[in-house]
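**Q** For chain L, the structure is supplied; the task is to place chain E on it using the hints.
If you're matching them up, the sequences are chains L and E in order. Take any residue in the first sequence, count from 1 to its spot, add 3: that is its number in our numbering. Take any residue in the second sequence, count from 1 to its spot, add 3: that is its number in our numbering.
It should be emphasised that the hints constitute simulated quantities derived from the structure, not laboratory data. Quantities reported herein were computed from a predicted structural model and do not represent experimental measurements. We put the CB at the ideal spot given by N, CA and C, even for glycine. A few of these clues could be false.
[As the list claims (entries may be wrong)] Computed spacing ranges between beta-carbons, pair by pair:
hint, chain 1, residue 1, chain 2, residue 2, range
1, L, Ala389, E, Ala482, 24 to 32 Å
2, E, Gly103, L, Asp107, 42 to 50 Å
3, E, Asp11, L, Asp274, 42 to 50 Å
4, E, Arg321, L, Asp191, 23 to 31 Å
5, L, Gly185, E, Glu390, 48 to 56 Å
[Claimed, not checked] Cβ-to-Cβ under 8 Å is the rule here; a few derived chain E residues that face chain L:
hint, residue
6, Asn9
7, Ala12
8, Leu350
9, Glu351
10, Gln427
2 protein chains.
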Amino acid sequence: MTENQNIDAVAAAAAAASRPFARTSPRDRGAALVAVADALDATAPELIDIAMRETGLAQARLTGELRRTSWQLRLFADTIVDGAYLDARIDDADPEYVIGPRPDLRRMLEPVGPVLNFAASNFPFAFSVAGGDSAAALAAGCPVVVKAHSGHPELSRRTAEVVAGALREAGMPEGVFQLISGQQNGVDLLKDERIRAGAFTGSTHVGRMLADIAASREVPIPFYGELGSVNPVYATYADDALLDGFVASVSGSAGQLCTKPGFLFVPDGVDLNAVSGAAASVDEHRLLNPGIGRAFSQRRDDVLGADGVTVLSQGEVRVDDAGQTYATPTVVTVDVDTLTQNREALLEESFGPLSVIVRYADRAALPALHTELFPGNLTSTLHARAEELADESLAPLVEALAETSGRVLFGGWPTGVSVTPAMQHGGPYPATTSDATSVGTAAITRFLRGVSYQGAPQALLPAPLQDANPWDVPQTRSAAGRSTTWGSFAR
Amino acid sequence: MTENQNIDAVAAAAAAASRPFARTSPRDRGAALVAVADALDATAPELIDIAMRETGLAQARLTGELRRTSWQLRLFADTIVDGAYLDARIDDADPEYVIGPRPDLRRMLEPVGPVLNFAASNFPFAFSVAGGDSAAALAAGCPVVVKAHSGHPELSRRTAEVVAGALREAGMPEGVFQLISGQQNGVDLLKDERIRAGAFTGSTHVGRMLADIAASREVPIPFYGELGSVNPVYATYADDALLDGFVASVSGSAGQLCTKPGFLFVPDGVDLNAVSGAAASVDEHRLLNPGIGRAFSQRRDDVLGADGVTVLSQGEVRVDDAGQTYATPTVVTVDVDTLTQNREALLEESFGPLSVIVRYADRAALPALHTELFPGNLTSTLHARAEELADESLAPLVEALAETSGRVLFGGWPTGVSVTPAMQHGGPYPATTSDATSVGTAAITRFLRGVSYQGAPQALLPAPLQDANPWDVPQTRSAAGRSTTWGSFAR
Chain L
4 MTENQNIDAV
14 AAAAAAASRP
24 FARTSPRDRG
34 AALVAVADAL
44 DATAPELIDI
54 AMRETGLAQA
64 RLTGELRRTS
74 WQLRLFADTI
84 VDGAYLDARI
94 DDADPEYVIG
104 PRPDLRRMLE
114 PVGPVLNFAA
124 SNFPFAFSVA
134 GGDSAAALAA
144 GCPVVVKAHS
154 GHPELSRRTA
164 EVVAGALREA
174 GMPEGVFQLI
184 SGQQNGVDLL
194 KDERIRAGAF
204 TGSTHVGRML
214 ADIAASREVP
224 IPFYGELGSV
234 NPVYATYADD
244 ALLDGFVASV
254 SGSAGQLCTK
264 PGFLFVPDGV
274 DLNAVSGAAA
284 SVDEHRLLNP
294 GIGRAFSQRR
304 DDVLGADGVT
314 VLSQGEVRVD
324 DAGQTYATPT
334 VVTVDVDTLT
344 QNREALLEES
354 FGPLSVIVRY
364 ADRAALPALH
374 TELFPGNLTS
384 TLHARAEELA
394 DESLAPLVEA
404 LAETSGRVLF
414 GGWPTGVSVT
424 PAMQHGGPYP
434 ATTSDATSVG
444 TAAITRFLRG
454 VSYQGAPQAL
464 LPAPLQDANP
474 WDVPQTRSAA
484 GRSTTWGSFA
494 R
Chain E
4 MTENQNIDAV
14 AAAAAAASRP
24 FARTSPRDRG
34 AALVAVADAL
44 DATAPELIDI
54 AMRETGLAQA
64 RLTGELRRTS
74 WQLRLFADTI
84 VDGAYLDARI
94 DDADPEYVIG
104 PRPDLRRMLE
114 PVGPVLNFAA
124 SNFPFAFSVA
134 GGDSAAALAA
144 GCPVVVKAHS
154 GHPELSRRTA
164 EVVAGALREA
174 GMPEGVFQLI
184 SGQQNGVDLL
194 KDERIRAGAF
204 TGSTHVGRML
214 ADIAASREVP
224 IPFYGELGSV
234 NPVYATYADD
244 ALLDGFVASV
254 SGSAGQLCTK
264 PGFLFVPDGV
274 DLNAVSGAAA
284 SVDEHRLLNP
294 GIGRAFSQRR
304 DDVLGADGVT
314 VLSQGEVRVD
324 DAGQTYATPT
334 VVTVDVDTLT
344 QNREALLEES
354 FGPLSVIVRY
364 ADRAALPALH
374 TELFPGNLTS
384 TLHARAEELA
394 DESLAPLVEA
404 LAETSGRVLF
414 GGWPTGVSVT
424 PAMQHGGPYP
434 ATTSDATSVG
444 TAAITRFLRG
454 VSYQGAPQAL
464 LPAPLQDANP
474 WDVPQTRSAA
484 GRSTTWGSFA
494 R
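Just chain L, same shape as in the assembly (with noise of 0.2 Å):
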């Protein structure tokens, strides 16, 4: 598959395999998916070397990261078949309906038209052109068009040819899915009419501006934007372990990670020691691109000269002859005050392998803090000893991070999100442009909207909310004559 560059072209293809899409089954999509998942572990081999060659990420973090992009399709699939996502509900016609007779009404969710998805640099599989945005919006029955992120433009236009062969073999209709490259072609694509939702894994910057554009439209659509998010991490102690897993956490995949711990609160006076050793230890680890390096060695130039700053792990950072950058870990300490007063040079995602160890005095002080240093993150995380953890004593802290994150961890480390039905992987802005998850199955309700059919014939009804259910779908019925005794639990 090589990119269609026509965007007329590819919006009136989306646009032409809208309503074939929309109409396919539950279960002929969740097959579509599965097969997808299929061809996708087929080609691994192919695949990974792609993208080890165009990333520079390590074999075994994409063979594993790929093995998820399958396994997210399954997930999806089984998610979809049942049609519980449908949300059918039926209320009866009821004469009697307290506020005047209620006519038979059926609502159910319908896909919202064709997604433009802007693929993320960082994971290749995961958040790129067969990752979650796009298993969520095929999973909705939404054409998709996946704008390439031109860090691994072979990689993108291989997995788009296996995705939409796969599609294709199992009688998909022409359109569902298609790639396009070119920043301008993905603003161009964006302004599009035909286009009725968009999303997004990125920098803040180039987020911000697609959302701003998606919101301006004559037209203006929802955009799923994942932006910036340093991950705040509070311990209440603070050991060789906890500071190593610390370590790991922030420079697996070279710190590239949106869920990048970029801030621990450790007591004042705990040993610190175990930081450069542990830090020592990492190898070096290419980062993604020659762009992505440069922002990362002036971020820590601007981090490490900072006012108060003490290095823990000063790293290094070096560029090859092909412009590559090289990094490994930097982790430096200061004081809260110094984080408070140094908010410009030190508060700033770092994307790449640093983090900063923020000591503090006063742990009732920590909610306040954290709401004011922080109003916006994909994840904050609490350490703190069994003891501290069996009585509310630390209730304040956990209500401020729920507040101001789309995930809550007690103990283990934010860069490990797993795909499951509970997951939230969206925050308060920065972390997102709205308050939906990308990952888990509850991303695919961002690409439905509701539609209410009022005395329709069954003929003309949508299967799931036929009383002959030919899908079998859950259908929740609100049975007349009940509307009397609302609030009456209140008696």
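**A** Okay, now just chain E, sitting in the frame of chain L:
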């Protein structure tokens, strides 16, 4: 209750109420909603008196509207009380999870925080201070600030007094319900970082302006605006009963309803004589305020003056000494070509008792025509004889209506909007600024966001996610050991 015009103090009070209100149980919050309903019912005669004076709407209409408003609160109370709306999900920890060991993950929906609700003029109860957006946000657990509509200031103050008083007596926190007035105050508060979502019912012009403000904040927030809708009706026949029903729907509440049918498509050559008789029997009705009167008069002049328009009922427009406008229904007819050639004059919404009957020659051309002319509406309606509805010849038209509307009616008139689980009152832009519904129980979800807790000790989990489940809410459990079978249905 007098409005507080100190916007900073209003925002501070709403923010202060946010956490204690979020902590209330669905049962306590539901009981508070029922208390509000009881208080409104107890004050009905006084409220209706003020409303009649300030809006010119008839006593019977206002009595029904207030009844609907208090029952809506009871329905929402009933909806939240069992906690199903929290969508509590629990993933058991799974060491054998296929993509890597899965931690214990628990997700629920939590309130987004303070909501600013811009009240509408045309429903002084159901879409105003105590209306659907306020009820939905309170049900979700979000503090509410209502920006009063200038069309019924005294009613707004008195209603807010009743609502706030009932919430206080029910033990809800101070600051959970506040009223402001004045356009600039509304805009200033919408820009305040402590406001986390906006809701609006009104004109496309003002709604879009506010939506743009919400989207361009440093921290953008969701804005649920209900803007403009012309609610086309397609009839395969037209007899006197149908035309009488049409005129009644166009002229009810002087046509000042967001679901008023602005266009009725009928086959060329049907007898439209019944229209003038039906329209002539409609009494003069005051429009809501002088501004709406002037705008209606101008729109009516534009329509009457457009090329190719034939008048079926001229109607009358009269302005009294106080500047209030009184009108009787105006109905005109055009053919399809006239409509498509005079879009500027004819397609815009006329807020008042005016509608356009469009004569079509080719029924097969209707789906494409509809999609082109009416890309976003709250409702669309099909009137066809029983034998036509029994087969699928009308399916393409129904599909086009469903793609472009929130609610598709088969017979009946869109101006009745019941409040039920399966109602969808929200459609593609410009009908609404999001795909969400502002009527019915699905409206509550607009003011919720997902939060996941990973590896949390029971003592620090919100009640709905605890194993002990003290609120007895439905919990969806994803058991360990199932991930190996994902997608196996497709084998």
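**Q** All the hints need checking, so say for each whether the structure fits it.
**A** Hints versus structure:
1. L/Ala389 to E/Ala482: 24 to 32 Å: 26 Å, holds
2. E/Gly103 to L/Asp107: 42 to 50 Å: 48 Å, holds
3. E/Asp11 to L/Asp274: 42 to 50 Å: The hinted range 42 to 50 Å holds for E/Asp11 and L/Asp274, with Cβ atoms some 45 Å apart.
4. E/Arg321 to L/Asp191: 23 to 31 Å: 52 Å, violated
5. L/Gly185 to E/Glu390: 48 to 56 Å: Holds: the Cβ-Cβ distance is about 54 Å, inside 48 to 56 Å.
6. Asn9: Nearest chain L Cβ about 23 Å off; hint violated.
7. Ala12: Interface hint status for E/Ala12: violated (20 Å vs cutoff 8 Å).
8. Leu350: 15 Å, violated
9. Glu351: 15 Å, violated
10. Gln427: E/Gln427 check passes; min Cβ-Cβ to chain L is 4 Å, inside 8 Å.
Checked against the numbered hints listed earlier, the structure breaks hints 4, 6, 7, 8 and 9; every other hint is satisfied.
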